[in-house]
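Hey, can you work out the whole structure from these sequences and the hints?
Protein chains in written order, with this note's numbering: chain R, 1 to 771; chain Z, 1 to 165; chain Y, 1 to 284.
None of these hints come from the bench; they were simulated from the model.
Hints should not be assumed to be uniformly reliable.
[As the list claims (entries may be wrong)] Result set (DSBU-like, lysine-lysine): computed pairs, CA atoms no more than 30 Å apart in a straight line: (1) K51/R x K88/R; (2) K510/R x K546/R; (3) K88/R x K67/R; (4) K147/Z x K416/R; (5) K416/R x K636/R; (6) K510/R x K493/R; (7) K18/R x K493/R; (8) K14/Z x K18/R; (9) K51/R x K4/Z; (10) K18/R x K147/Z; (11) K29/Y x K4/Z; (12) K83/Z x K147/Z; (13) K92/Z x K147/Z; (14) K83/Z x K493/R; (15) K92/Z x K14/Z; (16) K67/R x K51/R; (17) K83/Z x K546/R; (18) K14/Z x K493/R; (19) K83/Z x K18/R; (20) K147/Z x K636/R; (21) K510/R x K18/R; (22) K4/Z x K14/Z; (23) K147/Z x K493/R; (24) K546/R x K493/R; (25) K29/Y x K154/Y; (26) K92/Z x K510/R; (27) K83/Z x K14/Z; (28) K510/R x K83/Z.
[Said to hold, decoys possible] Not close to chain R: a few residues of chain Y, all C-beta gaps over 12 Å, as computed: (29) V69; (30) P177; (31) S187.
Just so you know, even glycine gets a beta-carbon here, dropped at the ideal spot from N, CA and C.
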Amino acid sequence: MSWIGRSLPRLEDPSLLKGQGRFVADLAQGAAAVKFVRSPLAAGAILGIEKPDDGLVFTADDLVGVKGIRPLLHRPDYVPVSQPVLAKDRVVFCGQAVAAVVAEDQGLAEDLAEQVFVDIEPEDAVVDFAQALGEGARPVHPEAPGNVLVEGNIRTPGFDAAFASAAEVVALELRSGRQTAMPLEARGGVARFDPLTGRVTLYASVQMPHMLRTGIADVLGFPESDLRVVAPDVGGGFGQKMALFPEYVVLVWLARHLRRDVAWLEDRRENFLAAAHSRDQVFQVRGAFAADGTLLALEADLKSNVGAFSCYPVTCGVEPLMGLAELPGPYRFSEYAARSRGVTTNTCMMAPYRGVARPMLTLTMERMMDVAARRLGIDPVEIRRRNLIETFPHRSPTGLVYDEGSYGETMELAVKALDLPAFRRQQAEARSAGRYLGAGFSVFSERTGYGTPAYAARGMDIVPGYELVNLAMDPSGFVEARIGASPHGQGLKTSLAQLISDELGVLPSKVRVIAGDTDATPYGWGTFASRSMVISGGACKIAAGKVAERLKSIAAAMMHVEPEAIRLADDLAYAEATNQTVPIGEVARAAYHQSHRYPQVGPGLQEQALYDPAGTFSNACHACIVEVDVETGGVKIRRFVVAEDAGVLINPMIVDGQIHGGVAQGIANALFEELVYDEAGNLLTASLADYLPPTIAEMPSIEIEHLVTYSEATITRAKGVGEGGTIGAPAAVINAIVDALSPFGIDLFEIPATPQRIRDLIRNAERTHHV
Amino acid sequence: MSDKHAVTLNVNGKDYRIQVEPRRTLADALRDDCGLTGTHIGCEHGVCGACTVLVDDRPVRSCLMFAVQVEGARVRTVEGLAKGEELHPLQKAFWEKHGLQCGFCTPGFLMLATGILEAEPDISDEDLRDVLSSNLCRCTGYQNIIKAVCAAASEMRACQPSASL
Amino acid sequence: MKPAPFEYVRPSSRAEAVAALAAHGDDGKAIAGGQSLVAAMNFRLARPAVLVDLNGALDLDYLRPEGGVLRIGALTRHAAFHRPVVEGPLGVLLARVVRNIAHYPIRQRGTFTGSLAHADPASEWCLVSRTLGAQMVIANVGGERVCAAADFFKGTFTTAIQADDLLVEARLPLMGPNWRSGFFEFSRRAGDFALAMSLAALEIEGGVIRAARLGVGGVADRPLRLEGLEGQLVGQAPSAALFAGIGEAARDLISPTEDIHASADYRRDLIRTVVKRALTQAAS
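Below, the structure written as structure tokens:
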């Protein structure tokens with residue numbers, strides 16, 4: 001029986017449930033505490049730094065020979081900027097690290113940090129698009145006079161003709177507020193110095209340990225082998241823990257400089273101020289529709305606030321360039337003209353966050369479909385039917401190739417699950433009783449599991465994408481898979497163990513997946529872009545398949561049959577034709593200890609495998625029913641349906657968990673979470689009293705339907721599923737709110753749709769009607 | 001720095017004699033002075049609930065109490081839930097229902113749920129949701145947390161001796 | 001986010017607590033539940049030099065009806081009100097309101113009088129005290145005095161409590177059997193601070209409102225009692241039109257504060273709704 005497809009309880013859980021997890025803060029015993037002194041201002045020149053007479057305080061002047069963090073894209077329209085690990089002459093955002101202090105414990109470190117005074121000559125802050133792109137805007141960085149760090153453009157040859165033939169042009173401007181991934185565990189690192197070797201081991205709450213090691217070694221200028229990076233249990237990341245942050249560089253520098261163990265455990269306030277932010281985008285589009293609702297052409301001007309710096313290694317191109325490439329989404333049209341810009345401001349750096357560009361581009365396309373449907377008198381589901389991709393492979397106007405999917409089918413499934421006709425009756429009854437219910441849909445594609453070609457096409461200097469696995473069965477028949485990927489809480493070890501178990505015929509409990517330790521794993525890229533299952537899973541399948549071949553060859557020789565006659569299952573090698581069995585443990589022992597008998601196989605059971613796929617598209621439809629309290633503007637989500645196609649599900653329970661969590665973060669984006677800067681660049685939402693992740697009380701029950709399309713795009717036939725929930729939910733929620741408020745004739749183009757924003761729209765509508 | 005106080009913390013039935021500054025929160029004392037790192041610190045302003053522990057059987061934020069205040073009280077943390085290798089019904093239910101992903105919020109949710117289910121074994125699902133809205137989880141969307149707590153509530157009720165003997 | 005250093009004293013009686021506060025003057029700060037204070041200390045927004053912990057002063061731990069009032073001692077936790085603490089409408093009202101105060105673990109620790117002393121403009125207990133005309137008992141080494149709620153709340157985080165003072169008790173008038181209450185709070189999420197809230201208590205006999213208490217919280221620097229509107233309710237039969245009109249009148253009376261969650265204009269608009277809904281619940 002196959003382990004793939006089973007909702008196996010996770011192998012990771014027992015230690016976490018008993019409070020025996022090992023998160024970074026749990027590994028800080030005995031280390032000195034590091035606290036960063038951060039800029040209280042968004043922009044200005046540093047005139048001087050006053051330090052107390054006693055205590056260890058370090059500033060940029062102490063960091064002799066330390067380079068800046070300077071990620072590169074090889075594109076003519078990219079302006080590289082260098083991020084000093086401690087601000088040197090000027091500060092460019094509120095919260096930027098200016099000095100680091102070291103003391104015996106956290107409290108003392110904070111006492112010391114309070115005694116450091118940074119004298120800054122303030123400058124006017126550039127916070128939003130109007131300030132950054134306006135006439136005579138002050139440059140955030142001298143090297144980027146127009147405040148644009150990256151720009152992409154596209155125009156298909158037939159665009160003008162197609163656009164001119166439109167019966168209806170729908171022009172919209174969509175806005176997303178600024179969000180943060182806000183993992184429950186903030187960032188943090190413990191750098192342990194080995195006085196014998198001079199080597200540092202950095203335990204850090206990160207998603208990309210190998211990349212972090214490369215980045216730190218490059219910036220500090222020493223061989224990578226002098227540093228080991230370990231990502232222990234990671235308390236969520238969602239993209240925020242991908243980047244090389246200055247704090248980690250300083251931490252390793254301090255360990256080497258002081259020749260002692262040091263720990264930086266970020267507090268929540270710092271996490272709001274100085275870990276990466278996300279979203280903060282304005283998308284202007286014009287969709288050219290035929291009278292029958294066919295989308296003929298799309299014009300777009302996309303702006304992404306990228307903050308003060310470009311994040312390493314993926315750069316600030318991530319949001320703008322993905323927005324440019326993937327805006328067409330699940331729709332079939334072929335004519336496209338777009339400009340996309342990454343705009344720098346005096347705000348915290350942006351980094352990829354679950355969904356990357358797609359929550360906003362899906363909101364854009366799905367709002368556009370609803371508006372076009374209304375203008376053309378077509379049902380919102382019907383207009384999507386007329387435009388969704390149906391034939392595969394599909395080539396998008398930006399050259400992306402979509403593998404087999406089920407765009408229309410998932411939508412029909414969601415419509416059915418919602419029982420739309422029954423809902424329309426219920427909606428009408430409710431309205432007559434003064435209650436406002438609405439239904440909304442969101443269809444989208446989720447590009448997942450893409451390898452080096454996709455990143456190379458973006459012009460990245462550091463091209464991620466492949467994954468390596470070193471897989472070995474030991475002489476006792478247990479398996480160790482050392483993966484370059486690095487989980488951050490998603491249950492990857494269990495899913496990979498299930499996959500490997502099927503190849504090798506052993507129980508998942510006999511498979512140990514080793515991840516997140518640069519000393520113990522092959523070079524790899526970690527967790528991001530819904531890639532771990534697809535790419536690391538593919539590599540595991542290949543490696544386990546190779547080990548299985550070795551096992552079969554030896555077992556065949558032991559039982560005097562042909563290798564093709566051997567089946568591995570239940571910890572046994574079966575020779576079915578002759579009804580013989582040998583325990584896999586015995587075969588494994590023979591592979592190591594009797595290798596002279598099997599010269600054609602060679603000793604041991606170790607294999608390395610590489611997987612570097614072109615990528616695949618998952619797809620889904622989200623459908624949502626909301627009730628709007630028109631007197632307060634409050635929104636309650638009554639139902640939330642996800643019809644998802646992520647190919648073969650390795651562990652359905654874990655897949656559903658990814659969808660649940662993703663939808664929650666998407667609902668947060670739609671209704672609750674917003675980081676707000678004032679005009680001077682001060683963050684007004686630097687605590688959980690003001691930044692509002694949803695609690696259990698705001699979350700609806702999420703109903704999930706699965707379709708399985710067998711795509712040849714991945715060797716496991718699994719597609720990625722980490723981000724879909726976050727991508728689709730905002731559009732479904734907002735479309736439902738607009739549907740609920742249709743008696744008022746209101747449209748909504750900004751998220752989060754806070755009660756105040758909704759109520760303001762209702763009041764405006766009421767005033768207009770009364771006039 | 002202020003003078004350290006000698007404090008005896010009774011945690012999971014065991015006395016820990018520690019020396020702490022008054023400003024040491026219970027959360028920090030549990031982690032740094034008692035070595036019980038199962039209690040996690042997520043926000044240090046009482047909102048996220050990752051640090052929830054039981055003090056005299058009531059769930060409280062251990063980041064909003066000082067260790068010096070807890071002298072003489074009984075503290076229970078996630079480390080005290082399982083009986084040896086046997087998991088507590090809530091731990092089992094969280095495992096079976098996939099009530100955790102990264103696991104960082106889990107100890108706080110387990111202690112919150114333990115506190116409420118011990119105090120009100122017959123609590124309604126609606127009131128239970130209200131209590132569980134006290135803590136934040138970023139991974140699960142709460143779907144399986146509520147399933148797990150409801151499942152454990154049934155099991156804990158079934159295990160309780162009948163009140164009407 | 002670790003607090004600045006402080007000294008800690010733990011008096012074992014009310015008298016010792018008052019003496020300790022007198023001894024430390026401006027440096028001293030009383031802590032009961034600490035659910036707002038410790039968070040502020042962790043941010044180093046509050047930095048008391050001496051923390052006077054009331055939790056050992058067990059003579060402050062009482063909650064009983066006596067002489068026509070509910071006497072709430074300074075160690076009475078919010079959670080004590082989860083179920084009605086007195087027979088009659090007041091117990092029901094307090095149980096209805098308490099569910100809106102933060103979250104369950106916070107309510108296990110935080111205290112009624114601690115909320116009053118903290119005087120957050122969005123505090124439910126402050127609104128209850130102001131609307132129902134609570135009396136605050138304030139003690140210092142010189143003795144004790146009683147301060148009416150109308151004189152107690154001075155502004156955001158500001159009250160009639162002086163440096164040497166301790167708020168030892170709050171007294172809420174008991175309510176006769178014909179009183180009923182309604183409470184409506186609008187906040188962004190479960191347990192969040194109110195963007196606006198209203199408490200209404202109506203004495204209804206023979207289908208007519210004989211007496212009324214109406215208050216609004218979360219909209220100004222202190223809780224507001226709308227005595228003028230109370231007068232307009234008296235003698236009327238409860239009706240949707242009456243309550244909608246009172247809601248609109250309340251909206252027009254108040255100039256609300258604003259913050260990142262609600263503009264003054266939006267708060268003003270919410271006042272109408274929360275007042276109407278509180279009144280409607282009280283009459284239903």
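30 Å limit on alpha-carbon distance, applied to hinted pair K147/Z and K636/R: This hinted pair holds, its Cα atoms lying about 21 Å apart.
For the pair supplied as a hint, K51/R and K4/Z, is the alpha-carbon distance within the 30 Å limit? Measuring from Cα to Cα gives roughly 27 Å; hence the hint holds.
For a C-alpha distance cap of 30 Å, please report whether K4/Z and K14/Z respect it. Given that 30 Å is the threshold and the Cα spacing comes to 21 Å, the pair holds.
Given the proposed pairing of K546/R with K493/R, does the C-alpha separation stay at or below 30 Å? At roughly 20 Å apart (the allowed maximum being 30 Å), K493/R and K546/R satisfy the hint.
If you draw a straight line from the CA of K83/Z to the CA of K493/R, is it 30 Å or shorter? Given pair K83/Z, K493/R holds - Cα atoms ~27 Å apart, limit 30 Å.
Is the straight-line distance between the alpha-carbon of K510/R and that of K18/R 30 Å or less? Between K510/R and K18/R the Cα gap is close to 21 Å, so the pair holds against 30 Å.
Quick check for students: does the CB of S187/Y sit more than 12 Å from each CB in chain R? Given that some Cβ of chain R is not farther than 12 Å from that of S187/Y, nearest at about 9 Å, it is violated.
Given pair status - K493/R, K147/Z, alpha carbons within 30 Å: Between K147/Z and K493/R the Cα gap is close to 23 Å, so the pair holds against 30 Å.
Is K83/Z close enough to K14/Z, meaning Cα to Cα at most 30 Å? holds, 15 Å
Was P177/Y rightly flagged as not at the interface, with every chain R Cβ beyond 12 Å? holds, 32 Å
Quickly compare the C-alpha distance for K416/R and K636/R to 30 Å and report which way the hint goes. holds, 22 Å
Satisfaction of hint between K18/R and K83/Z, Cα-Cα up to 30 Å: Within the cut-off at roughly 10 Å; holds.
The structure fails hints 17, 18 and 31 (numbered hints given earlier, in ascending order).
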